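Line order of the protein sequences matches chains A and D.
Numbered per this note's numbering, the first sequence spans residues 12 to 371.
Numbered per this note's numbering, the second sequence spans residues 12 to 371.
FYI, nobody ran anything at the bench for these hints, they're computed from the structure.
Any given hint might turn out to be false.
Note that the list lumps identical chains together, so a pair holds whenever it fits in one copy or between two copies.
The calculated EDC-like cross-link candidates involving lysine to aspartate or glutamate, where the alpha carbons are at most 16 Å apart (straight line), are [unchecked claim]:
| # | residue 1 | residue 2 |
| --- | --- | --- |
| 1 | LYS162 | ASP97 |
| 2 | LYS162 | ASP105 |
| 3 | LYS45 | GLU65 |
| 4 | LYS45 | ASP134 |
| 5 | LYS45 | ASP105 |
| 6 | LYS162 | GLU84 |
| 7 | LYS162 | GLU327 |
Note that this is a predicted model, so its numbers are computed, not measured.
Chain residues, written in single-letter form:
There are 2 protein chains.
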Amino acid sequence: MQSLRVALGERSYFVHVGVGALSAIDRLEPAIVKGRIALITNEVVAPLYAERLEAALTAHGARVLRITLPDGEAHKTWASLDHIYDQMLAARCDRHTTVFALGGGVVGDVAGFAAATFMRGIDYVQVPTTLLAQVDSSVGGKTAINHPRGKNMIGAFHQPVAVLADPLSLATLPDRELSAGLAEVIKHGMLADAALFDWLEQHMDALMARDAQALAHVIQRSVEIKAAIVAVDEHETGVRALLNLGHTFGHAIEAGLGFGTWLHGEAVGTGLVMAAELSRELGALAAGDVSRVRALVARAGLPVSGPALGIERYFELMSGDKKVRDGALRFITLERLGEARISEGTPRAAIVAALEACCD
Amino acid sequence: MQSLRVALGERSYFVHVGVGALSAIDRLEPAIVKGRIALITNEVVAPLYAERLEAALTAHGARVLRITLPDGEAHKTWASLDHIYDQMLAARCDRHTTVFALGGGVVGDVAGFAAATFMRGIDYVQVPTTLLAQVDSSVGGKTAINHPRGKNMIGAFHQPVAVLADPLSLATLPDRELSAGLAEVIKHGMLADAALFDWLEQHMDALMARDAQALAHVIQRSVEIKAAIVAVDEHETGVRALLNLGHTFGHAIEAGLGFGTWLHGEAVGTGLVMAAELSRELGALAAGDVSRVRALVARAGLPVSGPALGIERYFELMSGDKKVRDGALRFITLERLGEARISEGTPRAAIVAALEACCD
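Model the full assembly from the supplied sequences, consistent with the hints where possible.
Next comes the structure, spelled out in structure tokens:
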């Protein structure tokens, strides 16, 4: 097992990655597990992993309250949040209770936001069981729920006190969700690490076959890349925006089809191809590299063409994205594979061309 | 006008106190008012002060979206919060929008929590128009909404970027609310400043007559006392708990009668007398000083006797308070007038005696 540090001053924490991490409670500081634990999970993950984690916590002396949410992005809502508050208050949880978020990105975001706001903020531990959550959402402290008017509109920056990422939990992951996680891994290679991109081209088959060693490698490398960026820009006022590569396009796809039609990672996969095309339009990325991105995204089992929403509708949806400043669209584009930049004032024609290159 | 600094590192800010502060936009950093403003207020305050503030903001180049909530503690809820989110999203507010909270503690708490969670946190300015908000809730960054199972259970620590406290806005304050604010002023004297307590005994008539100079003095002194405590304990892990003097009792009264029956400050007023009685029971405070507290609270127009809820019900309600740790009650008590301490393991008999001394 590897323990990677996310350096954030007094809010620093470790991400423990490896086989068995899911129940590696002995890796955590004893203060985290000495009292009351609210173990928040969902109905799909609970039968698979909750028992094991709960047993490990109980063996360390914790008293565990289990709260099970319905599965899916459709439940990343105030209703789920209120259910958590209600259960915790009924069970007399207090400021010293620690939340454990066991599940994918939705559980992590909702449980993390519950921890951020319960009695004005309590500790929480992320135990991500999807690849997407392990390589992305469990690290960095972003928590949120959706609002009918937009995804992740309501939330907080609230860093976990630890993350436990076990590649074995990916054995039960549906194929689509494995692919969705790989989208964020490809993104990390594209924006910060050409060597990782090369490695992915060589090992995509092993990843798709769920080779535990290959998965552990991409989780570690992804966490390192993300942690380095978060460490210099915790609240996304600058360079952290680079992590949104492919996301402005991706959010538009998700919102345009209705959240939940495509998985977030699927939309990001197509968004990465669109961002590569846009980078080529801007004269930065070589056509050959755009083809490599498209091929790698496809090999990860992800869509490389966006839905035919119409160009105007794409613009409308993208300008509703919360990265928008005073109505001006801002994109993350590539200088080359492994190096990203924030592009302001992108010409409309370039965006249109990128969309047309990637829509049926 | 005086400008008092709340020293919190990169989250430091100024509290501007004095006649005309309500529209003293030139005291704020230009960046705060250069773009979009969400001016959140309520239906009672809006006709009195919103026009003036809005005009001052517009004159400085801001574009103002006004959001008006219903009045009262009963609306310190998710419904109000969601209304704010919805209006702001519909108007395309973004991460660079600044919230102005114009009103009393409820508006400040709800608007502050909206700012803490809108797109994971945006800037906000407190413009408190009640004495309670000016001397207490607008400073220190506590934001919250109520939950059916308890007051202020859901919230965040989110510091404002500035506070504008104008004693002239108290001219229109109902008598009960003036008294409610004085409860927190008396509290500040009791816990940190015997000279302020003496001053209040000498000037209570002037305060009750709404003398602007007297009011400005207690606002300034209260902000100084609170700012000094918040500066060393922003997140209430230690000494900030002293500010809860009278509040464990007070919350029990509010919850026992149903929120909104007594004003928060009224319940705190009685809670202060109960805390003084408890301090005497513990052998710390002299009987004469308990009498002084009781007399001053009464002169401020506040109740000095709690409702007859029954001793057991008081204990039940107090143990639901969020300051409770693993079911153990913790009280703030006085060593002497002007010096408070955290009392753990308070004997049940002393608490019972304090309650009996203050309940009909």
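The hints, checked one at a time:
| no. | hint | in the structure |
| --- | --- | --- |
| 1 | LYS162 to ASP97 | between (24 Å within a copy, 13 Å between copies) |
| 2 | LYS162 to ASP105 | between (29 Å within a copy, 13 Å between copies) |
| 3 | LYS45 to GLU65 | within (13 Å within a copy, 51 Å between copies) |
| 4 | LYS45 to ASP134 | within (13 Å within a copy, 36 Å between copies) |
| 5 | LYS45 to ASP105 | within (14 Å within a copy, 41 Å between copies) |
| 6 | LYS162 to GLU84 | within (10 Å within a copy, 30 Å between copies) |
| 7 | LYS162 to GLU327 | within (15 Å within a copy, 40 Å between copies) |
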